[in-house]
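Trainee: The chain contents come next:
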Amino acid sequence: MKTAFLLLLFPFFATSSFAHEYFFAFAEMDYNKTDNSFEITLEGSAHDVEDVMNESGIPIKELEDHYTDQAMLARIEAFINKGYTISSGGKPAALKLQGMEVKTNGLIYFYLKSEPIELTKTIDITFNWLMDVLPQQQNKVTLRYNDQKYTAVFLPGKPFATIEFQV
Amino acid sequence: MKNHLLTALAVGLGSTLFAQHKFAQLDIELPTPNEYRNAAGGPGHNYYQQKADYKMTITLDDDRQIIRGEEVITYTNNSPDVLEYLWLQLDQNIYRPDAESHFIEVEKMEDFKSIKDVERKLMTFDGGYNIESVASVNGEKMRYAINHTMMRIDPAKPLAAGGSISFKIKWWYKINDRMKVGGRSGYEYFDTDKNYLYTIAQFFPRMCVYSDVEGWQNKQFLGRGEFALPFGDYEVSITVPGDHIVGATGELQNGSVVLTAEQRERMKKAVTADSPVLIVTQAEAEQKEKGHEKSLKTWVFKAKNVRDFAFASSRKFMWDAQNQQVAGKNILCMSYYPKEGNPLWERYSTKLVAHTIATYSKYTIDYPYPVAISVHSDKIGMEYPMICFNGGRPQADGTYSEETKYGMWGVIIHEVGHNFFPMIINSDERQWSWMDEGLNTFVQYLTEQEWERGYPSRRGPAANITNYMRGDQRYISPIMTNSESIWQFGNNAYGKPATALNILRETVMGRELFDYSFKMYCERWKFKHPTPADLFRTMEDASSVDLDWFWRGWFYSTDFVDVSVDYVKHFQLNSNNPTTEKGLQQQESAQKPEFIGDTRNKESIKQTVNEKDPNIDDFYAKRNVYEVDKLDQKEYTDFQAKLTPEQKKLIESNKHFYELSFTNKGGLVTPLIVQATFADGTTEIVRIPAEIWRMEHTTVTKVFLFDKEVKSFQLDPFLETADCDTDNNSFPPSAAPTRYQLFQQKANPEENPMQRQKRMEAGN
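Here the protein sequences come in this chain order: A and B. All letters in the first sequence, in the order written, are residues 1 to 167 by our numbering. All letters in the second sequence, in the order written, are residues 1 to 764 by our numbering.
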């Protein structure tokens, strides 16, 4: 059977494969029971993120230049939501970018808050952020809920995970 | 709760559990010592290595981005073996359209979401070697066979032990556009001034290593596992456009021909200068960018006892140099960079080169080569003997972020540091990336900290590796994994070994023992080919610290450190003084919470039977258990009489005993560093070696003795063990705030501070 697939058109931005890439993103998630939302810190290599954004049609030189650039922050928020989704009981909760911070060691932290979401016994996470362009990208989540910690690993061939809460 | 401890003699019964594998010796994992590599971790009495000398004539075609070369290799067989064939590396063949590396990536249809994904899949670069001839020095053709990135040459007769052979290879290839095709070397094209900047490496057929460990190391080059190369002497002539500046491995032999009188005069100043002197200024380089000279110049370089050769060439290059002394020897430190690298490069690059070779020399071996070079090469970092290619490019307006500055500093220190690992301490990169990347990243950390106090090193500090190490272990590789099969290359080959060495130095061995042993490893294996076992054995043998558990846990497993404090029990010595002890018992009894039924019964039951009838209460009901009687006093007097004065003093000292329970949740055995904070605010640290886990790997208890009452305990208070979950490290329990909570407490960062400064100065 022949299946047609949809191609998205992005302008071409040159990239190169670098000798010493970082290829690792990490999300620290906490559930705030007061407003039923996730508070998230998403960590990655600033250069990796810049490269992938360029590849994905968002031309950017350095993320630090855009701390107060609302238009770019909106694009970054959409860029993150495309590669990092959470849902519970089949209901998704979009992530709102609250701020970002590039550290002097080259890491970037994106601070995110989810829309309110009622937790069921499980939470579904898709976290293939950056994997489109960096095939060796590996992402990891640590979720803290009711004094328990849960972790999940995401790979290009394994972009989804379901975390089941201990009762 | 305060418990009381009986001063009675007790026989301690050890755990009957037999579980010693985390502390088992590495006998099975390590190769048997032999005459080539001894059990102490040094070269054996019959250690040998091969030698490969090269004489090369290279031409760089700047119009067509092609490189042509003719090389004469003289290969000396110092092994005890007869070699029927010789293997050479053809790294450029990784750019052939039929290269194996193009076919080994796992793919799914969802990988092709955009037109660009498809373009990338379809993109071909017609690279790879064109071998024109392989012949003896007399011109007789030699038989050869190419297997992807390896070439076998069959000598007319086998090469005897102790013999040598010379042969010629003529080749050419198209240089890759590094910014489009990628790669460790290639060219960058600058559209604004129509010029090229070439960083050329892995450009000639190079001999493979033949050793006692692997025979020929001829594992195919798939892109990640780097190189294994024998040492030798090089004489290389490089012909380039007449307005190019060339930097290369080795010393320039014909400066009087290729440099102007003014450049030679400036260089004369630089060789004794303690800060960079410009040999080619920015204005001169910008002037040359405008013309494209048609004449050619040949630059000649010689390098002794190196494992490889690389060079950079461009008319865009600025060039500066300064001297750095190492052990009384002058080293010429240099940088080559286009104007696009400024202002960062002119200000920092050469100073970083000088600092790096001086600091590495302190911790490893004295830098032995006459020059050390840093070349600007956007976005990458890549190393070769005496020369390396480094990123770090400011914005077009000349401003740069702190991240860019620290990124540039870090990559220059790292790549210059590779002169030591693996260029001199010449491990097999094709097999073990960590042996050069990990060790180099560790010394990079030490060098960064000596450059600037509090330098924000990304790798080295234990706490920086925890996100990687915790969690699902199926997608983490042990460090002892071949370079091509590693999950998470950067964290695995760079970060984790660098962290492990830092923990050895700061926590397990101590700085003095570690530094001596590490330097011993470097001294033993400089200009030789070490293996992991040589490192593991030297570190133990030179320090008298049994580290098998450490190598096993950190290098052979994916266990991680997560130790929890489970409970704390407080005890004090029983004085046996009935007045004191019974008084305390009475006090404790009175402080016990009352059961709600008892409270309500006081109201609801007006009178019990024994309250009504005085004949009910007998001896037991009437006695006061807290009353001190004569017999109690006599027993106390007898007890006192048996005690020595020292024992009496001990009982009167009012010491506090704390029993703490620890659970090893991550599996990696680790020293326990426990900080007690007393009621008066003072602290005390107790360091417990990892061997506390030697019989019981899961849960251990330990009793701590203090003169003062403890208010709280903290495990790993200085974040030195890479404990992946510090929320369970304290008693009473307390969780650290999340990064998000910390972010909420401070103002958002705004703009690039340099741009803000410029805006302010412009009055905007």
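Derived from the structure by calculation, the hints contain no laboratory data. Incorrect hints may appear among the rest.
[To be verified] Reference excerpt, derived from the structure (chain B facing chain A, CB under 10 Å, subset only):
| hint | residue |
| --- | --- |
| 1 | ARG96 |
| 2 | ASP98 |
| 3 | GLU100 |
| 4 | HIS102 |
| 5 | PHE103 |
| 6 | GLU105 |
| 7 | VAL106 |
| 8 | ALA396 |
| 9 | ASN464 |
| 10 | ASN491 |
| 11 | ASP727 |
| 12 | SER734 |
| 13 | THR738 |
| 14 | GLN741 |
| 15 | GLN755 |
[Said to hold, decoys possible] Have a look at the derived ranges for each label pair, beta carbon to beta carbon:
| hint | chain 1 | residue 1 | chain 2 | residue 2 | range |
| --- | --- | --- | --- | --- | --- |
| 16 | B | HIS102 | A | THR120 | 25 to 35 Å |
| 17 | B | VAL118 | A | ALA74 | 48 to 58 Å |
| 18 | B | VAL625 | A | LYS121 | 48 to 58 Å |
| 19 | B | PHE678 | A | GLY57 | 56 to 66 Å |
| 20 | A | THR120 | B | SER544 | 36 to 46 Å |
| 21 | B | SER485 | A | LYS103 | 56 to 66 Å |
| 22 | A | GLN166 | B | SER661 | 15 to 25 Å |
| 23 | B | ARG68 | A | GLY57 | 53 to 63 Å |
| 24 | B | GLY291 | A | ALA94 | 52 to 62 Å |
| 25 | A | LYS121 | B | MET760 | 24 to 34 Å |
| 26 | B | GLU452 | A | GLY89 | 27 to 37 Å |
| 27 | A | ALA74 | B | MET760 | 25 to 35 Å |
Don't be surprised by glycine CBs; every beta carbon is placed ideally from N, CA and C.
Trainee: Please write out, lowest number first, the hints stated earlier that are contradicted by the structure.
Mentor: 1, 2, 3, 4, 5, 12, 16, 17, 20, 21, 23, 25, 26
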